[in-house]
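Protein chains in written order, with our numbering: chain A, 679 to 1042; chain B, 271 to 694.
Some clues are possibly wrong.
Stated by the list, open to error - Stretch-level coverage of chain A by chain B, calculated; a stretch enters the list once three of its residues show a Cβ under 8 Å from a Cβ in chain B: (1) 777-789; (2) 962-975; (3) 995-1009; (4) 1018-1027; (5) 1030-1036.
To be verified - Think about it this way: if two alpha-carbon atoms lie no more than 27 Å apart in a straight line, the pair counts; the simulated BS3-like pairs of lysine-lysine are: (6) Lys743(A) to Lys376(B); (7) Lys466(B) to Lys890(A); (8) Lys466(B) to Lys415(B); (9) Lys844(A) to Lys376(B); (10) Lys435(B) to Lys415(B); (11) Lys890(A) to Lys642(B); (12) Lys529(B) to Lys890(A); (13) Lys717(A) to Lys978(A); (14) Lys529(B) to Lys844(A).
These aren't lab readings, by the way, just hints derived from the structure by calculation. We put the beta carbon where it would ideally sit given N, CA and C, even for glycine.
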Amino acid sequence: MKLTTLLMSATAMTVAGSAIAEEMTIVSWGGAYSNSQLKAYHEPYSEKTGVTIINDDSSAEAVAKLRAMNEAGNVTWDVVDVVAADAIRLCDEGLALEIDADTQLAAAPDGTPASEDFGDLIVSDCFIPQIVYSTTFGYRTDMVPDGVEPPSEICSVFDLETYPGKRALEKRPINNMEWALLCDGVAKEDVYDVLETEEGQDQALAKLDTIKGDVIWWSAGADTPQLLADGEIFMGSTYNGRLFSVIEEQNQPVAIMWDAQVFDLDGWIIPTGLSPEREARALDYIMFATDTQRLADQAKYISYGPARLSSAPLVGTHAELGIEMAPHMPTDPANAANTFLYNYEFWADYRDDIDAKFQAWLAQ
Amino acid sequence: MADTTANGPVLAADGTPLKQSLARSLRRQKMRALMLIAPLLVFVLLSFIFPIASMLFRSVENGIVQDTLPETVAALQQWDEQSGELPDEEVYAAFIRDMIIAVDNKEHTRLGSRLNYEETGMSSMFRRSGRAIGRLDPVEDAPFKEALIDIHDGWGEVGTWQTIKTHAVPLTNGYFLNAVDMQRTVDGAQAQPESKQILITLFGRTLQMSLIITGACILLGYPIAWLLANLRMRTANLLMILVLLPFWTSLLVRTSAWKVMLQQQGVINDTLVWLGLVDDAARLVIINNQIGTIIAMTHILLPFMILPMYSVMQTIPPSYTRAAKSLGATNWTAFWRVYFPQSVPGIGAGSILVFILAIGYYITPEIVGGTKGVFISNRIAYHISSSLNWGLAAALGTILLAAVLILYWAYDRIVGIDNVKLGG
């Protein structure tokens, strides 16, 4: 083993003359999102270190694939981009490396340690936050009935009389159950206490029942933008970045209703079971890619808010469209008047249970 | 040549009995043949049979509870789970000793996830308690019963310990019970609450819709296959390309194209409204339901029906139908009594192919199936990739495999598998 490495590096040295060609595989979601990471993180990192970065758009199946790789004893990924809920699951299963924020992540330019700069967003010991995104509603402005104000609060989703037309909701209980309870008179701070009980779950499903006949259920993030663009639905939930591209890049008559948007996090994990050299390189990449400037840079290419407090003032204009990005961020004060934070611990416990009920309800 | 003696056995040139010599040379030939296919055999065994078998084994494998909490499981044997009382200090102390080791190896959260499939709330209980328990000393901090209940109320509930004891078996039927809408409880196998029963419905729906799709493929594919087999070579080749063209297009592209066609603001509805056949306010709902799934899957699976039918029909000599007609049969009789029976093997092969493929589909139903057009495979995919409940996914998969094998066996009994032909 050692001999081969030695021989290989010797060959590489003679061929390249200087540095050893290094490669790392980074897994992400693909599309515009991966592109923003390529521009903001990968390219500057490659330039700085000479490491070649290979993209793999497998984040949607990352949890299952990581488990399979781990069982096979052959982890081929170095850094993986996952949503926070998946990071918690991977951490629980022992598939992700625990990170000490203060020693393994860069401090803010003013010296604030990373753990304070990220704050509550470090929802798991293994999770390195990157962006804040939100799941919120977009609606077609040309389908708002005459003489009616455009929808501005979450309960208009359930108001078929004032706002007739189809809705698109995600084919899973998360978010939908919370919105249903909010619009059924449950106070925001009580939502998860109510949802813990059998009666609370039935209450939420009963509320969803009132619009069930007018809902198209989506499972891929691209569904709602397509349904909105085709005029198939009046309003639908999706990720705010998708709505940004429908509105600003494709110029569709669509607007965002930010009320009761649900904040969620996306970030990095490093798989366990890497060789020491690969682990060191992955940690080096993470240190670089999640510093204050890099996180702010990503917002030039996509409308997701940087996860560091210190990055917010550095957010500038879109690299191609030239528009100010701050007002399009879910975290912008004007948009964040009424928000909802995804309760990770609750859903880690109740997801399978409520999902079974939700699917049975859907099939009725 | 063999020497023959008056009444002894026939001998080969070297003096051994011919029978023996022949057997030896045949054995050598067999060995040689086996050596030739050995690489394939090993490949199939390693890359196909072994992974499937090990995946299926997960449907009963359940060593995790005993491996993570060995002392607790042993101590729980003395506890009467029906008594309604909490286990005594001995169990709690054993649990603390097990957990300290588990927390060290970071295995307690994994066990929490496993038990959370059975009892909601276990996942956070193990995660939250882990840190506090890791700080305890297994000797000095005794007694543990009160201390543990202080850490999390859940440890003071009888149900928690009942769950641990019920699922502390190395081989479990729990996943299979879950797969048929039941659960393994302290009181034996029980039905799931009605609000959570979904899997049996989905199994039934999967079989029913796969049959409908197979039927639709037969109806649409038969005339096309007949045309292909009976047209002039040039025209037939052109038609064949049209049949194969969808094969070269990505499955996702074809499914998404159906979305554009079938949705309410889609091509079909627009055309119907333009023709005045459908009112603008009452556009047809032909996607995001069973109809959408059936249309899209029939289209996608049609080539798998046409190709075997075509290859069988090509071998039917046209002279047979001509002979029937010359003997006075009508066109229908000639087709039904002479041509059709000879084409049955093609229908059989196509049907088995389409049905088995249909049963395992999940991307197409997920995209166009809405809520009523999804299959059991969609749940299997959920449990593989989202909930990580691979045991349940394996149990569902095993049941699906068994159902296909039973149907295959039934087909063999009724039609006869020798009657299936994939080609000339």
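A quick look at each hint next to the structure:
1. With 0 residues bearing a CB less than 8 Å from a CB of chain B, the segment 777-789 of chain A misses the requirement of three and the coverage assertion fails.
2. Counting residues of the segment 962-975 of chain A whose beta carbon lies closer than 8 Å to any beta carbon of chain B gives 0, which falls below the threshold of three, so the coverage claim is violated.
3. By the rule of at least three residues with a Cβ nearer than 8 Å to a Cβ of chain B, the coverage given for the segment 995-1009 of chain A is violated, with 0 such residues.
4. Against chain B, the segment 1018-1027 of chain A contributes 3 residues with a C-beta closer than 8 Å to a partner C-beta. That satisfies the three-residue criterion, and the hint holds.
5. With 5 residues having a beta carbon nearer than 8 Å to a beta carbon of chain B, the segment 1030-1036 of chain A meets the requirement of three or more and the stated coverage holds.
6. Proximity of lysine 743(A) to lysine 376(B) is assessed by CA-CA distance (about 20 Å); at most 27 Å being required, the pair is judged to hold.
7. Restraint check for lysine 466(B) and lysine 890(A): satisfied, since their Cα atoms lie roughly 18 Å apart, inside the 27 Å limit.
8. The suggested pairing of lysine 466(B) with lysine 415(B) is violated, with an alpha-carbon distance near 34 Å, which exceeds 27 Å.
9. Pair hint lysine 844(A) plus lysine 376(B) does not hold up; C-alpha atoms about 47 Å apart against a cutoff of 27 Å.
10. Only pairs whose Cα atoms come within 27 Å are accepted, and lysine 435(B) paired with lysine 415(B) is accepted, the gap being roughly 17 Å.
11. Straight-line distance between C-alpha atoms of lysine 890(A) and lysine 642(B) comes to about 13 Å, which keeps the hinted pair within the 27 Å bound.
12. Distance check on the hinted pair: lysine 529(B) and lysine 890(A) sit about 20 Å apart at the alpha-carbon level, within 27 Å; holds.
13. Restraint check for lysine 717(A) and lysine 978(A): the C-alpha separation of about 9 Å stays at or below 27 Å, so the hint holds.
14. With a C-alpha separation of about 16 Å, the suggested pair lysine 529(B) and lysine 844(A) falls inside the 27 Å cut-off, and the hint holds.
Hint compliance for this structure: hints 1, 2, 3, 8, 9 are broken, all remaining hints hold.
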